[in-house]
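For the record, the sequence lines run as chains A and B. So the first sequence is numbered by our numbering: it starts at 30 and just counts up by one. So the second sequence is numbered by our numbering: it starts at 30 and just counts up by one.
Calculated from the structure, these hints are not laboratory results. One should not assume that every hint holds.
Any copy will do: because identical chains look the same in the list, a pair fits if it lies in one copy or spans two.
As the list claims (entries may be wrong) - Straight-line alpha carbon distances no greater than 20 Å define the calculated EDC-like cross-link-like pairs of lysine to aspartate or glutamate that follow:
no. : residue 1 : residue 2
1   : K479      : E666
2   : K382      : E143
3   : K262      : D151
4   : K126      : E102
5   : K697      : E122
6   : K339      : E414
7   : K672      : E647
8   : K672      : D651
9   : K572      : D151
10  : K479      : D630
11  : K73       : D90
12  : K176      : D215
13  : K459      : E434
14  : K382      : E307
15  : K572      : E615
16  : K479      : D568
Number of protein chains: 2
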Amino acid sequence: MTTWTDRQMASIHKMLNPHSIAVVGATPRMQYGGRLLATALNAKDRVRVYPVNPRYDEIMDVKSYPSVTALPEAPDLVCIVVPYHQVLEVLQECRDKDAGSAVIISAGFSERGEADRQDLQDQLGAFARASGIRLCGPNCLGLANVKDSIWASASSRMSEGLGGSIGMVCQSGASAFGPFLTRAVDNGIGFSYIISTGNEADLDFADFARYLLDDDDTRVIAGFVEGFKDARKFKAVAQLAAERGKPIILIKIGRSALGAQAARSHTASLAGDDARYEAMFKQYGVIRVPDYDAFLEVAQLMAHTPKPVKPGLGVVSHSGGISSLTADMCGYAGLDLPPLSQSALDRINDVLKGFGWAANPADVTGFANSEAFPEIMQAMINEPEVGTLVVASAGADRQAEQVIELRDQSDKGIVFLWTGSRAATAGLDKLKAARIPVFYLPASLASGLKQRWDYHTWREQRLMHDFATAPATTASQQQTTERLQSLGRRTLSESESKALIAAWDVPVSREERATSADDAVTAAERIGYPVALKVESPDILHKTEAGGIRLGLQDNDQVRTAYAAVMANATRYAPEADISGVLVQEMVSGGVEVIVGVAYDDQLGPMLLFGTGGVLVEVYQDVALRCCPITRPEALEMISEVKGARLLQGFRGQTPMDVEVLADVLVKVSHLAVNLDGSLAELDINPLLVLPAGLGVKAVDALAIFK
Amino acid sequence: MTTWTDRQMASIHKMLNPHSIAVVGATPRMQYGGRLLATALNAKDRVRVYPVNPRYDEIMDVKSYPSVTALPEAPDLVCIVVPYHQVLEVLQECRDKDAGSAVIISAGFSERGEADRQDLQDQLGAFARASGIRLCGPNCLGLANVKDSIWASASSRMSEGLGGSIGMVCQSGASAFGPFLTRAVDNGIGFSYIISTGNEADLDFADFARYLLDDDDTRVIAGFVEGFKDARKFKAVAQLAAERGKPIILIKIGRSALGAQAARSHTASLAGDDARYEAMFKQYGVIRVPDYDAFLEVAQLMAHTPKPVKPGLGVVSHSGGISSLTADMCGYAGLDLPPLSQSALDRINDVLKGFGWAANPADVTGFANSEAFPEIMQAMINEPEVGTLVVASAGADRQAEQVIELRDQSDKGIVFLWTGSRAATAGLDKLKAARIPVFYLPASLASGLKQRWDYHTWREQRLMHDFATAPATTASQQQTTERLQSLGRRTLSESESKALIAAWDVPVSREERATSADDAVTAAERIGYPVALKVESPDILHKTEAGGIRLGLQDNDQVRTAYAAVMANATRYAPEADISGVLVQEMVSGGVEVIVGVAYDDQLGPMLLFGTGGVLVEVYQDVALRCCPITRPEALEMISEVKGARLLQGFRGQTPMDVEVLADVLVKVSHLAVNLDGSLAELDINPLLVLPAGLGVKAVDALAIFK
């Protein structure tokens, strides 16, 4: 993986940790240029800040320079707040001055939806890559090194003492320095860096995420992405993040067409097919969240709790109603509250003396606010099946301190469900300061804890199995592909399509081509009755509609009659079609029909689809998707994800089907998809018949289309 | 509907609007009795408050009485905070004193899970009904008449100036006066009443809801219910609420087994089968919410926005990222943001002058905080397709005032998505004070608006069609039922079960019973080939497993052979079975199999189930549920709710099936379910074959079981 260079990382490092900042377009007025200068000047005891504006000698009591050229040193970071048509000129000065990096606040580029502005933006990107002066923006609000309190942001909002473990990267600057920042301040959640990337002419989310992977102060990377500039790069960084164990938490626009359209209209970025992105996130362990609060709460949870050793939760509250609702939401999210052992019950009952309920969830009434509360929490967290303790209460009296003390001694995660006012101070502020993850709603808590468990489970699997790689194309595969491409048609016939997949070892039904009724009979005798006849033509995709299929033919006569009928029907259906005869095919029965497909996504590359066959796939949309290639465990995961695939597993006393071979075939097709990336447009194996266990699978029909 | 009496309502009225309150068990210490007295004394300028405790002459500077008997008047409300075993005695004094009502704070009743405590609680309920002194509790935290600032709560939390339009009824007192109250204070959301009902020995959620329906200050009834004491009473109040147009908003425990179990263990109330409750809520227009914030936000939304005339939303924000996320979540929730007309676009562009994006959602950049913002909002809200305006911003400068002004002039709903700090004051406090519904997260906003639209759409339908009623049982239905019951078996055979449903006009396949091979042949000739043979025995429920079914028999010989085989198989399968012969049945084909079932829920009464037939119903759990009886529109709704029922609608060019007759049959079965409530245990029509449009439906198999 050579996507990122040391030089690029060095430029980002200067951008995010500047010793000197120039603000080109600084003004005394508190508009973009003025605000950016003002935020930068907050760090003037540690960072040399240079306003650049020929119209002033001094701005905000700091000497102003007429140009970048005139600066007394090569600045690590140049912040550019000039009209869009002057940006490139400023960048050229930066190159001549040997500046380290640049942030372009200026708008007026691709987001305008005009070709010349897009061109101009492309020039910025090209300039950055050529010069090595890497760019953030344009059309962004800048960034902040929160941990060292160095801000270079054109937003009016900034906050001291907000240091923390979350590296945040947002395309939308107004979101980064708006709801995300203000809610983080509300919730006492801190950042290592805040980066708004705007139009991403050069550096994008993945590049900054790559940098943050190396940053020891960043434990979690949290992003708000409207559309990926390069989703393959994102996959690469997600893969690295999995290896390093730094979760990526993401809000991604595109759950609905409305959102995708809104994002496209104002950022010129495409949200893409959401089901595919959802599949990719699952495959790469990306934690997708819906909203500002979940974004911050889950990020804090991931940053400040250890990996749980068990999925079970222990829940303790001062209230029966609160503990019921918490248990209800946890159960609904798919989490478990294991029953407590007798010794734990005894220990808690010793404290409760007949009040409340020793159970999981425990309703310990006023004892939640007593000196005996640690004893109760200890009894629960020491349970072997309890992986994480949840305290659902309002932190009165000593409670918050007791929870912090327990967290400091325990190697299990402790999470607080705060049931009091969000505006409370006493207990809540202590929890925030101690970095205890705090949730405010049972449903959010449950969802966050489920995502945490799923992430760690996923990563454990990942570290065991590694990400998939596809083997190189073999000579014979290459030969088959070339032969089929040399036919000069995009769409292959059924037998050609099957020849293609057979080259990747996908078993296909036994069949022969026949160009006359006599040939068909001979073929049928060789294959053995019963047989099927199917019209063979690359021009007829819907053979059934064309009357081009006859099934279950039992003898020579039936084959002769069927041949005549199929040819006549097909000619009537598509008089212009190139009909090369029929395919005589063995009748395969006693299996379960599934479909396997390959599509190529502009952003995500080859995608593998698996679903139940027939009419069901359309009615229930019961399919699993993955980016190719896939591993065998991923293939099995796809199969278990599809509800209709329960029919394969010996459902209702039926014969179990050959899921093992099906999994192998899914992997092989994913390799084919990767090997043919660039030349294949799509592939559908429909149906693939999965036979009883031990008998394998057979592709009964297939359709391949080249680009 | 005579569930509620005037006398009962009068007692509740005194309870909630007392002119005099006695606190039995009042103490100077700030425990339950002391806290309750203290909250009551806050209203002492308007309400006469009497501490009752023989151990004190005076408590909190108020004369204390030795007993209820000794009080100088008959108190409207007696709050009881004495040990559980003294409660009944106090109540007897209350009766003798002619008190108006009582709230029992004391715990130690059914929630202990002990039979004698349950008995004691039952005595309280019986006493209340006999004496007319209606009871709230026991094991509750009391109540508050918030609008008049009269509190009788044993919680330490109370709040002045929290008056509003939401009547809140919670079983959990610690939730009512905990998260609900504190978050309401946080969010500036006000109540008419807060009532914690505890164990509901007498009055339950439905009774208080019934009272609140008559209260002009209550616009919305919001409840937190762990388990219903009487779900049929709830249905009755929900029906009245629909007529009055007062939405019921509910958190109901039981989405998961964990929650149901937790609720049962500490309240002794059963949460019930959640899918059934979910169906009932849908049918009765109850708005179910997951959590504290949604509870308050949706209640406020329902209370303070008019019914939308169009589903479309207009969304305007200062930020592209915020407007994209908002649009995304709205689309995901199933809402629409209609495109703006050219004139609206022109009007907005006149303001924006090249900045931002005039569209829906509109990203109006800094103009959201300018004097021109009302012009933009006007342009959007005046659009005929925009039913509701959403302002997604942080209320800087004049923005909040502008929004309030617009709301005051407009007959469309205006909702704010607050993107700033929850701790903000300036703009946010103005919005709260003006009762503008405020959401803090795009996903919550979208979900709330969707529930609002669904509620109003549902209610419109409801007012048009009225709730379903079942006709009385006819003489012939009565006769059939009695005949079948007189067989003395709980489980009916296939033909008996079909006779039962046929009495309610459900078409059944043509069939005859035969007790010999000869009879079977004669019957087959009468019915016409092909036929099916099925073993006829009330003891064999799984005929296929028993080898007791032969399909597609074409002639007399096949019938003879099949008869012998079926009888032999059945005898081998169940040697003890009472086998009365076979059923010779017409082969019905060319239809789509569905299942129709009836089950009786202890709480909800007869429930109707509709689903796709065969293996699918188990794999996809693709079923619709309703409480019986149902209306024809509800039947059609059930059909459209089931995904697999798309196969009935002419899916993929197939013949459309007779959905009209299917809907009629669903209604008829729902009548049967009501008519046989008390005697029937369950009914399964599986499969019901839905034939092509115009040809009706046919029950091919059925199984009825009496109690």
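Status of the hints after comparison with the structure:
1. Taking the shortest Cα distances, K479 and E666 sit within 20 Å of each other inside one copy (18 Å), while across copies they are farther apart (34 Å).
2. In this homomeric assembly, K382 and E143 come within 20 Å of each other (Cα to Cα) only across copies, at 16 Å, whereas the closest approach inside a single copy is 74 Å.
3. For the homomeric pair K262 and D151, the shortest alpha-carbon distance inside one copy (18 Å) is at most 20 Å, but the shortest distance between copies (67 Å) is not.
4. Taking CA atoms no more than 20 Å apart as the test, K126 paired with E102 passes inside one copy only; the shortest distance there is 8 Å, against 92 Å between copies.
5. For the homomeric pair K697 and E122, neither the shortest alpha-carbon distance inside one copy (53 Å) nor that between copies (83 Å) is at most 20 Å.
6. In this homomeric assembly, K339 and E414 come within 20 Å of each other (Cα to Cα) only inside a single copy, at 6 Å, whereas the closest approach across copies is 52 Å.
7. When the C-alpha separation of K672 and E647 is checked against a cutoff of 20 Å, the pair qualifies both within a copy, at 13 Å, and between copies, at 10 Å.
8. Taking the shortest Cα distances, K672 and D651 sit within 20 Å of each other both inside one copy (7 Å) and across copies (12 Å).
9. In this homomeric assembly, K572 and D151 never come within 20 Å of each other (Cα to Cα): the closest approach is 47 Å inside a single copy and 72 Å across copies.
10. Proximity of K479 to D630 under the C-alpha cut-off of 20 Å is found in neither arrangement, the shortest distances being 30 Å within a copy and 32 Å between copies.
11. In this assembly of identical chains, K73 and D90 lie within 20 Å of each other by CA distance solely inside one copy; the values are 12 Å within and 62 Å between copies.
12. In this assembly of identical chains, the alpha carbons of K176 and D215 lie at most 20 Å apart only when taken from the same copy (18 Å versus 31 Å across copies).
13. Taking identical chains as interchangeable, the C-alpha atoms of K459 and E434 lie at most 20 Å apart only when both belong to the same chain, with a minimum of 11 Å there against 41 Å between chains.
14. Taking the shortest alpha-carbon separations for K382 and E307, neither the intra-copy value of 50 Å nor the inter-copy value of 38 Å comes in at or below 20 Å.
15. For the homomeric pair K572 and E615, the shortest alpha-carbon distance inside one copy (17 Å) is at most 20 Å, but the shortest distance between copies (34 Å) is not.
16. Taking identical chains as interchangeable, the C-alpha atoms of K479 and D568 are never at most 20 Å apart, the minima being 50 Å within one chain and 47 Å between chains.
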